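Chemist: Heads up: the protein sequence lines correspond to chains A and B, in order. The first sequence begins at 2 in the working numbering and counts up one residue at a time. The second sequence begins at 2 in the working numbering and counts up one residue at a time.
Some hints here could point you the wrong way.
Same chains, same names: a pair is fine if it fits in one copy or spans any two.
[What the hints assert, rightly or not] Distance condition first, Cα-Cα at most 27 Å in a straight line; then the derived DSS-like pairs of lysine-lysine:
1) Lys182 - Lys55
2) Lys185 - Lys199
3) Lys55 - Lys185
4) Lys70 - Lys55
5) Lys111 - Lys55
6) Lys180 - Lys70
7) Lys70 - Lys111
8) Lys182 - Lys26
9) Lys26 - Lys185
10) Lys26 - Lys180
For the record, the hints were derived by calculation from the structure and aren't laboratory data. This structure is a prediction, so every number in the text was calculated from the model and none was measured.
Protein chains: 2
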Amino acid sequence: MARPQTDIDAGRTALLEVVDDLIRKRGAVDISMTDLAAAAGMSPSNLYRFFDNKEALLEAVAERFFAEKVRIMVEVTESDLPVREKMYQYFARRYLAMVEQYEDEPDLLKSYLEIGQQYFEVVRGYVDLGDHYLSLIVAEAMEQGYFDGLSIDEAVSLINQMVQCYTNPDALFYVGTTKLKVEKLAIIVDAIFLGLGKTVTGQNSAQSHIKIVS
Amino acid sequence: MARPQTDIDAGRTALLEVVDDLIRKRGAVDISMTDLAAAAGMSPSNLYRFFDNKEALLEAVAERFFAEKVRIMVEVTESDLPVREKMYQYFARRYLAMVEQYEDEPDLLKSYLEIGQQYFEVVRGYVDLGDHYLSLIVAEAMEQGYFDGLSIDEAVSLINQMVQCYTNPDALFYVGTTKLKVEKLAIIVDAIFLGLGKTVTGQNSAQSHIKIVS
Numbered sequence: 002m003a004r005p006q007t008d009i010d011a012g013r014t015a016l017l018e019v020v021d022d023l024i025r026k027r028g029a030v031d032i033s034m035t036d037l038a039a040a041a042g043m044s045p046s047n048l049y050r051f052f053d054n055k056e057a058l059l060e061a062v063a064e065r066f067f068a069e070k071v072r073i074m075v076e077v078t079e080s081d082l083p084v085r086e087k088m089y090q091y092f093a094r095r096y097l098a099m100v101e102q103y104e105d106e107p108d109l110l111k112s113y114l115e116i117g118q119q120y121f122e123v124v125r126g127y128v129d130l131g132d133h134y135l136s137l138i139v140a141e142a143m144e145q146g147y148f149d150g151l152s153i154d155e156a157v158s159l160i161n162q163m164v165q166c167y168t169n170p171d172a173l174f175y176v177g178t179t180k181l182k183v184e185k186l187a188i189i190v191d192a193i194f195l196g197l198g199k200t201v202t203g204q205n206s207a208q209s210h211i212k213i214v215s
Numbered sequence: 002m003a004r005p006q007t008d009i010d011a012g013r014t015a016l017l018e019v020v021d022d023l024i025r026k027r028g029a030v031d032i033s034m035t036d037l038a039a040a041a042g043m044s045p046s047n048l049y050r051f052f053d054n055k056e057a058l059l060e061a062v063a064e065r066f067f068a069e070k071v072r073i074m075v076e077v078t079e080s081d082l083p084v085r086e087k088m089y090q091y092f093a094r095r096y097l098a099m100v101e102q103y104e105d106e107p108d109l110l111k112s113y114l115e116i117g118q119q120y121f122e123v124v125r126g127y128v129d130l131g132d133h134y135l136s137l138i139v140a141e142a143m144e145q146g147y148f149d150g151l152s153i154d155e156a157v158s159l160i161n162q163m164v165q166c167y168t169n170p171d172a173l174f175y176v177g178t179t180k181l182k183v184e185k186l187a188i189i190v191d192a193i194f195l196g197l198g199k200t201v202t203g204q205n206s207a208q209s210h211i212k213i214v215s
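With the sequences and hints as input, model every part of the structure.
Modeler: So this is what it looks like as structure tokens:
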């Protein structure tokens, strides 16, 4: 009965191309298993040989969407680059991969982003994975004396906020690639390494906060 | 013939409340002058006494939407606070004003953001105004030796990117107020003052870039 795994894999890949085509034609509308089977010219029961259910399909879509970014994260964190360079490449290479997707087919990317918002539970694992790899880089930097006085989680959260424009694909649409440049990202990463965890003397941040909320 | 300006002003304010109600009911759909006249229970010709055309209406909507933020920008830049504190308050007080709008009526804010995207030419003036005031603060900081080697425009662009989560109202929806805290913003502003314009020794950013794009 069982087909060799490679056939199933090839079928899945072909079906994910069909999903792309469906989204190109219809935008970010919800795609049912029945729609996909029809578009692929197969019976629904045949489609279920490739994907057990809609969740499995969505997970495969996400896996393909994030594959290149995961590859970059693993490669950079496992490299023996100096830690500042590691953080820069961690963000810059994923940003450039995102720009490529965007310049290739902006509408397709936009539709996938909308689908991702709709099924955020599928995306969340990849966000967490990003935080995991970033925390490895942060821990390495801390061993070298950076980010003084911050916990790993605090530093990860602050860094994510400071480079948000380069990790959030929506920024490609509302900020744009004219303003978002890896040269600027490099300067921001330097500012993170040299400024994060240091306090401007005599101008306490907690005080400012109290002043503001009172 | 001419009514006193105050009557016209009061009428405009009342009509902007009607716009709010229409958006509450219908979401971010396009509102025509005819729709607004009907909802306000007045004839279209009467409505045109308050707003010359749809552009004038949209500008009034934007003016009201940004009024509090403009007030804060003027107040902070004109204050004699130390420059780091000025930049912090510049972003933190506008952020808190935005959070208030968000917590009050998230759906209404979301609809206004969608309308703002649709008519970005009306919003652009306020974005430019924000950059103008920020550049005053940046120039003051530069006189004190901060942001070495950067032009005012470069520093403004980099700072905008680093605090994007606290100025882009969309971030309230996709990052959320649990993660976005003025205490974190204070730390980011410190990192901007102490790190921006400094370079991590021996790890040249231009080199990294060449490595990446080649």
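Chemist: None of the hints should be skipped; say for each whether it holds.
Modeler: Hints, one by one, checked against the model:
no.	hint	result
1	Lys182 - Lys55	neither (38 Å within a copy, 37 Å between copies)
2	Lys185 - Lys199	both (21 Å within a copy, 13 Å between copies)
3	Lys55 - Lys185	neither (41 Å within a copy, 39 Å between copies)
4	Lys70 - Lys55	within (24 Å within a copy, 45 Å between copies)
5	Lys111 - Lys55	within (21 Å within a copy, 30 Å between copies)
6	Lys180 - Lys70	both (22 Å within a copy, 24 Å between copies)
7	Lys70 - Lys111	within (17 Å within a copy, 30 Å between copies)
8	Lys182 - Lys26	neither (31 Å within a copy, 41 Å between copies)
9	Lys26 - Lys185	neither (36 Å within a copy, 43 Å between copies)
10	Lys26 - Lys180	neither (30 Å within a copy, 37 Å between copies)
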